[in-house]
Amino acid sequence: MADAYVVGVDMIKFGRFPEKSVPQLGAEAALLALDDCGLTIKDMQALYCGNLNQASGMVGQRLLQEIGQTGIPVVNVSNACATGATAFREAWMSVKADVYDIVLAVGVEQMGKGLLGGGGGSKGISKEGLLGSGTMPSVFAEAGLEHTRNHGTTFEQFAKVSVKNHHHSTMNAKAMYQIETPLEVVMNAEMISYPNTKLMCSVNVDGSAAAVIASEQKARELGLMDRAIKVRASVLTSDPWQERDLVMPDVNSCTRMASKSAYEMAGVGPEDIDLVELHDCFATAEILHYENLGLCEEGEAGRLIDDGDVELGGRIPVNVSGGLLSKGHPLGATGIANIYEVSTHLRGEAGRRQVEDAKIGLTHVIGLGSACGIHILEKAA
Amino acid sequence: MSDGPLPVVSYLKMPEGGKPYLEGHRCDVCGAVFLGERRHCSKCGARDSMSTFQLSNRGTLYSYSIVHRSFPGNDVPYISAIVDLEGGGTIKGNLIGIEADPEKISFGMPVEVIFDDALGRKDGDGNSYLSYFFKPA
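Chains as they are written, first to last, in my numbering: chain A, 92 to 472; chain B, 351 to 487.
Bound conformation, chain A alone:
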């Protein structure tokens, strides 16, 4: 099968835009991505639209009602926090399968503020605070302390993740925040669910991101190979059975399965990856994924953050965009925003936060429930 390429990709600056509709937000990113490759909606043969909170609302069609109702097929995608990556992957598969030769993928979300999760069923009484906690900060605190249990990882090491990602975001104008947060500020911020303080929780923001994906032949015809990004691997997994599944969502197994498959598909190993955008929905989660993605040996994640290996300028920079912790986490948009970030580095267009000589990058998202999406990207030769 021929390769598929990202030829246009962009995202809006993440923020809070209550005055805009979800389709309007998605349309902004779609137009930016089309502008990035000098094309119009009339050139697109299909739209794959990721959105979570209006999953039954035909967001993709309403997006086309904003920018051009060309009658193309629209697939609306919902897959928790892996929604954007799943929409991108469906778009990629349609090109790989030679059904279309150029398509558009969009991820968009409008978020409220506050705690996610913990709602439980509608029958009986609320279980939150009665049978433990189902909020996302608690779930990822428990996953983090599992790592503490196994490897002695400390509160301070988890907090350092947040220091790093907030620092990175000071160099990203599209991030929600551009604010330095020193270690003592992170550790002394309001405790939400120990060991996650408020500054160790991702930011609920509105946002959108989009990508134009083309076959190699189409990209060459259009003269778009100069800035094209090759999709070396696209993998999606669901959660395999684990003994604590029913009370403890497992974000590790599905990531390990996905990363193994992705490295095989791309024919590379973790040592070949120049930068990673991974799912730091909470500071505790980022630590787990260093090992899940093979960026270090088992139990070495705490050392990786201590030694600065994952900072910009380090051995394997992680979340130089600022990550979900500071760039923000508009659930359905995040997967494609990660692809925008890595593509921007591979193109050498990332400005102050540019990872030098970046040739291959990896993106990772987790949707609880669970879904894991991984993409390995490379600048076209």
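Calculated directly from the structure, the hints in this document are not laboratory data.
Check before you lean on any hint, since a few could be wrong.
[Stated by the list, open to error] Taking lysine-lysine pairs in the PhoX-like style, the calculated list, with each CA pair at most 25 Å apart, reads:
(1) B:Lys472 <-> A:Lys351
(2) B:Lys454 <-> A:Lys214
(3) B:Lys363 <-> A:Lys214
[Claimed, not checked] Sample of chain B residues at the chain A side, in silico, Cβ under 8 Å:
(4) Tyr414
(5) Arg419
(6) Thr440
(7) Asn444
(8) Pro452
(9) Asp473
Just so it is clear, the structure is predicted and the values come from calculations on it, not from any experiment.
We put the CB at the ideal spot given by N, CA and C, even for glycine.
Please arrange chain B on chain A, whose structure you already have, making use of the hints.
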């Protein structure tokens, strides 16, 4: 409205004249343990393979978080605990009877499952509920 309290979850059983207990389902083929009614096994795929059994009231702390921000009306801080039960099964609940301080909590500490009123919570029909909690053993 029910005469007495209702179980907080379907797998909390309240036999007449007997003590309440938690019920697990175990796959007869592969031994995987589940909470709540089910017919098939999602570990090995075996069909109609489930047998019920009484979960132990003793276990050890696997992981936890200390919850400082919760829904309005919930008392904080409290400990959200994940407990591996003796003989199989893992359940989640509030760990009580110990200070909500990471220095005081240790992984693997033995805990006991106890049954008590669901913190005074009532449903829309005024029913009260029986819940379960963990306390250090």
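Taking the hints in turn, this is what the structure says about them:
1. Between Lys472 (chain B) and Lys351 (chain A) the CA atoms are separated by roughly 48 Å; this puts the pair beyond 25 Å, and the hint is violated.
2. For the hint linking Lys454 (chain B) to Lys214 (chain A), the alpha-carbon distance of about 35 Å lies beyond 25 Å, and the restraint is violated.
3. For the suggested pair Lys363 (chain B) and Lys214 (chain A), the alpha carbons sit about 17 Å apart, so the restraint of at most 25 Å is met.
4. For Tyr414 (chain B), the interface hint holds, since its Cβ comes within 8 Å of a Cβ in chain A; the closest pair sits about 6 Å apart.
5. Annotation: interface hint on Arg419 (chain B) holds; nearest CB of chain A at approximately 5 Å, less than 8 Å.
6. Hint status for Thr440 (chain B): holds, given a least beta-carbon distance of 4 Å to chain A, under 8 Å.
7. Interface restraint check for Asn444 (chain B): the shortest CB-CB distance to chain A comes to about 6 Å, inside 8 Å, so the restraint holds.
8. Satisfaction of the interface hint for Pro452 (chain B) is found here, the shortest Cβ-Cβ separation to chain A being roughly 6 Å, below the 8 Å cut-off.
9. With a cut of 8 Å, the hint placing Asp473 (chain B) at the interface with chain A holds, because the nearest CB-to-CB distance is about 5 Å.
Consistency note: the structure conflicts with the earlier hints numbered 1, 2.
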